[in-house]
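Asker: The residues making up each chain are set out below.
Protein chains: 4
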Amino acid sequence: MIKTNKMLAIVKDKKKVGATLKEVDIPVISVDEVLVKVEATAICGTDMHIYDWNQWAQNANIKEDLVMGHEFCGQVVEIGEDVKHVKIGDRVVAETHIPCATCYQCKHDLQHICANMKIFGVHTDGCFSEYAKLPEKCAYVIDKKIDRKVGAMMEPIGVGVRAISEAEVFGKNLVVIGCGPIGLLTIATAKTAGAAKIISTDISSSRLNLSKQIGADITLNPLKDDVIKYVLNETNQVGTDIIIDSSGSVPAIIDGFKYLRKGGVVILAGLPSEKAEIDLSVDVVFKEARIMGIHGRRMDDTWTKMKSLLENNKLNVIEVVSHEMPLSEFETAFDLLKKGEGSKIILLP
Amino acid sequence: MIKTNKMLAIVKDKKKVGATLKEVDIPVISVDEVLVKVEATAICGTDMHIYDWNQWAQNANIKEDLVMGHEFCGQVVEIGEDVKHVKIGDRVVAETHIPCATCYQCKHDLQHICANMKIFGVHTDGCFSEYAKLPEKCAYVIDKKIDRKVGAMMEPIGVGVRAISEAEVFGKNLVVIGCGPIGLLTIATAKTAGAAKIISTDISSSRLNLSKQIGADITLNPLKDDVIKYVLNETNQVGTDIIIDSSGSVPAIIDGFKYLRKGGVVILAGLPSEKAEIDLSVDVVFKEARIMGIHGRRMDDTWTKMKSLLENNKLNVIEVVSHEMPLSEFETAFDLLKKGEGSKIILLP
Amino acid sequence: MIKTNKMLAIVKDKKKVGATLKEVDIPVISVDEVLVKVEATAICGTDMHIYDWNQWAQNANIKEDLVMGHEFCGQVVEIGEDVKHVKIGDRVVAETHIPCATCYQCKHDLQHICANMKIFGVHTDGCFSEYAKLPEKCAYVIDKKIDRKVGAMMEPIGVGVRAISEAEVFGKNLVVIGCGPIGLLTIATAKTAGAAKIISTDISSSRLNLSKQIGADITLNPLKDDVIKYVLNETNQVGTDIIIDSSGSVPAIIDGFKYLRKGGVVILAGLPSEKAEIDLSVDVVFKEARIMGIHGRRMDDTWTKMKSLLENNKLNVIEVVSHEMPLSEFETAFDLLKKGEGSKIILLP
Amino acid sequence: MIKTNKMLAIVKDKKKVGATLKEVDIPVISVDEVLVKVEATAICGTDMHIYDWNQWAQNANIKEDLVMGHEFCGQVVEIGEDVKHVKIGDRVVAETHIPCATCYQCKHDLQHICANMKIFGVHTDGCFSEYAKLPEKCAYVIDKKIDRKVGAMMEPIGVGVRAISEAEVFGKNLVVIGCGPIGLLTIATAKTAGAAKIISTDISSSRLNLSKQIGADITLNPLKDDVIKYVLNETNQVGTDIIIDSSGSVPAIIDGFKYLRKGGVVILAGLPSEKAEIDLSVDVVFKEARIMGIHGRRMDDTWTKMKSLLENNKLNVIEVVSHEMPLSEFETAFDLLKKGEGSKIILLP
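Chains as they are written, first to last, in the numbering used here: chain X, 1 to 349; chain H, 1 to 349; chain B, 1 to 349; chain U, 1 to 349.
Worth double-checking, as some hints may not be accurate.
Claimed, not checked - Taking CB as the label site, the calculated pair distances span:
#1 U:Ser205 / X:Asn116: 30 to 40 Å
#2 X:Asp52 / B:Thr102: 33 to 43 Å
#3 U:Gly45 / X:Asn236: 44 to 54 Å
#4 X:Asp25 / B:Ile88: 36 to 46 Å
#5 U:Pro251 / X:Gln55: 18 to 28 Å
#6 X:Asp82 / H:Lys258: 27 to 37 Å
Just so you know, the hints here were simulated from the structure itself, not pulled from any lab data.
Glycine residues also receive a C-beta, built at the ideal position from the N, C-alpha and C atoms.
Chain X with its partners taken away, still in its complex shape:
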């Protein structure tokens, strides 16, 4: 089926800003892996860090000559001999967290936070390319009726589904901090899950508008609005039941404790780059706050829910895609994202 052993890929071949589209070998699979012809792939913040070669990327133990990218869907064209469930012709999406299957976490239904976790597209070659290989356990088969742009986004959609599953939003008030792709996907999922009132915050009006389109009832811009006062007013001075942070902004999280209700829940999905000074007595103990970090999708719990929702048309996320362009225009894509234009950009090989 594959005529040649070469393919085009975006390769991180320099220890500075940028990457190169070039011809590389098509990956050779092991006995427990599958080879996937990429249909569509999406750019994530992590890809931008690697492209920019920022401080995080320099310390992240990134594979040499990495084929970038980790969000994608595609069709299986080859399977290893030990592969049991995935078949040639199946359409699959990738779980980015590659668990070791042997640590304490892997043995106790916490594979997604495996103690020896490898990240697809960071520690292994990824999917900004014509073909990509995956361990079978990270390949989830999806229905062919799911839009390829949605398929390419299922990894970040899964963060929203996970956050909403943990937060139990049905009938509750919810503030989502940050309207980047994860925030927007969280808002869309919160709408599906029956949150009573969804308040979104961001410093960009265009992102706030998009959040309203996708499910937010109220949008607040901390540059203009007194968020604490507003949320308290909207909740009869009780405070919000739930906060989900997808911004990683420490000041926004600290403010959050002021409008969280006593006994409320804070889900941290964003990644702050500096430490947070927290008044544990006032904001956690007296308030009996419950704080929980989430890092990715539970395997298979989150994936099963997400697939069922998408296959049954219960989760509308397509509006999060702002652009769609050929793989070769990746530099344009990274430029757009750097300027803060665009939300989720899909690359097509």
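Got chain X sorted already, so can you dock chains H, B and U onto it with the hints?
Answerer: This is chains H, B and U only, laid out in the frame that chain X set:
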């Protein structure tokens, strides 16, 4: 404000089928009660039992010369001197379960299953009348923008909200057995709460059609369809995650265990009139089924969620109302329901 | 290490009562299996069914010429080439439920109720023998300081640990129905887990005495005591928080609903041989009972807790062992159990 | 029954260090209050703050001429006319958190973190006196067989019971930071609740010794031991399942995140006096830590469990009492505590 001390009410004044619309005294409130001018009231299955004076009703310890009815909304026109939160002019709906406030259950956040519970409209005069009185603790203030027909149905809507809260349906497959009012309200709530796939069953095509309109993805009629086979097919032979029974039909519940997945959840909200022969080894132990009975709405948890959902337009239930007529036409209403025509009938005083 | 390829084993070589101790081949392991030299093994009710060749056994799809037995501990003497964690010389105990690793349950942290589960010692050769083989995933490594008699009982101890984990007994009142080995191990575990008051029921005085020794605060014999009345008195007429059935006795379970408190929990671990006629309205819906079947130990959650408790001397179960005898005296052992003498009997190869 | 209207009490009658034992009026109860003859009372850290008149005390909105103290048990000698459950002659202990009964929290089973909470012995007169008055809802009736010293400590015991209830320690590894009275009571409760391994930390050898006596399996002194390394070693490099902080020490809490396992739980019961700088990305998000503040005892859930455990002799805490002396020797008591000698001191009126 009230010019006279007389009002019209539907009174159960005979120990046989029927009731009488007649003039009775407007209730006199105690220090901890409120008097409500009824805006709209709805007929429940319990009212039909009382009207018909069936076996259940004869054994139910029903108050003499009962003013029938327990589902309603209205405006507070008078309050007792110990009433603290409800004000004259407030619009309220009634919680039917009147807790004692002193038993083990009342002390442990289970007031709705109080050990000494009295039922409004069964053990006390109800609301098929121009005025009704309520203990303050059973009067929930609601927004005036909520449709009076919806207000009159909040008590049964609350059963749906409770069932869905316990079942945690987000992203899951769900079968709702029975499409009477409780079943329909449960389906509407399941849709709001993000169930991935909702299958409804009933022996009436018109009720099944209504269930589809209100949120069911698939409808099955056990008189025509092989429900067990169909549900297994729809769930890749795994079985459904959740079953909510609102029918009280023992054969339907027994069948349910055959299409429940291993580790699945069964919520029983309907009231079977005969005993159920259950194979505990096969259907409960080997299957690790989790079965839970629910009886009414948690106070205040369910009410708070329901009010937030309705006030924020997140729960659409108006289609469950099939008829609206003056209180005086109650005999027509009971006749319609007895014939199986009509779903929820609203009476207007 | 193994001098010959023959061993002694108790073989079910006839389709009627009894079994034969004879020489058979030592099992040959596959790539993912381990061979274990049996240190000690214990007799379970299932073994008695097979020995007696009762109705259940005749329908249970039992392997031809089965080496009987499934509860044991021993030392690993050989490992398959794909075995990763277990090493030669490790001491292991066996999980009896052999999961398929591919079904819905196996993918969702419910391997112990795998849809395609095989039972060690029923569908595969077991451990009433000098050697036994096991899939690696069913071999749990345990500390050498754990008594071999306790090691041989860890599979049924795990049922107690599982039941108590699900029931959340800390500070609660608990009734354990049935003081056979599972009931006794459940009581011992309940004591460890801080149940406030443990009431045991059985029709045998000697078993009741043993239950008191091992942790029950109060013992009741339904042949002599009015169990319903007694439990209600002991709980201020509120009823017990939790019931765990390990008897499989339908009348005892039905009685249980009468002394369960409103909102209480019923864990079913025993296996009734006939159907139960349950009044779902009164006993489940109005009572808001929560009923849960449990079938074995969660992998690895239950095993990890149990191992930690035993290795840290926090769970005392040795008194459940009533006899210890050589493998060759198996007929005496089965006779004792049939007469209702003896609790757990250990066989030593 | 009470011959005079005067009693002895320790009064905070100056805005500087110290207090005065003097004669004051016996409290006059309202309709919903009870008057209690104090049997025994215990000194808490809060009392020391007030005695010392430190920064916290100066800002705490403390009642003028406060009768100090909030932990006690005693006998009811008078009841208000609206009191329904408590009777003259009952023995009661005090819940310190006086809820308003009307706020969101009070309506949703979170009375212990009432939005308008008053603190007995801080905002109202307390119990370092011969008599004290209490709202009925804060008076829990206890069995007369409970030792008066234990009765006087039930308020802080309840913090331990609450922490352990939230943490679900059965079969798990647990680190308790800080071996003051709350830490010790938490350790005793953890032992009762079946924690597999309890590690305690403190900088005082005598407190560590006491922790071992009361239930700790391993004791660590951060001044001498490498706590992080030790806990990781004790948990096979996995990290501990649960941390309960009762120290309020920010450095100890920060260290805790390093030995918490991925997916572990942190319960904060201590009150840090400065802000904590937390690396949310590394310590909360990537680790998927769950952090929860607790502030007092759930009403009535914690009280019911604690009472059952104590009345059934399942919780041994008496060793936490280091001294017992007459009320008049309060200055000696405060001196001992200031020097760090003594654990819990009981005062007898």
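Asker: For every hint, state whether the structure bears it out.
Answerer: Going down the list of hints, with the structure as the test:
no.	hint	result
1	U:Ser205 / X:Asn116: 30 to 40 Å	holds (38 Å)
2	X:Asp52 / B:Thr102: 33 to 43 Å	holds (42 Å)
3	U:Gly45 / X:Asn236: 44 to 54 Å	violated (34 Å)
4	X:Asp25 / B:Ile88: 36 to 46 Å	holds (41 Å)
5	U:Pro251 / X:Gln55: 18 to 28 Å	holds (27 Å)
6	X:Asp82 / H:Lys258: 27 to 37 Å	holds (35 Å)
In terms of the numbered hints stated before, the structure departs from hint 3 and from no other.
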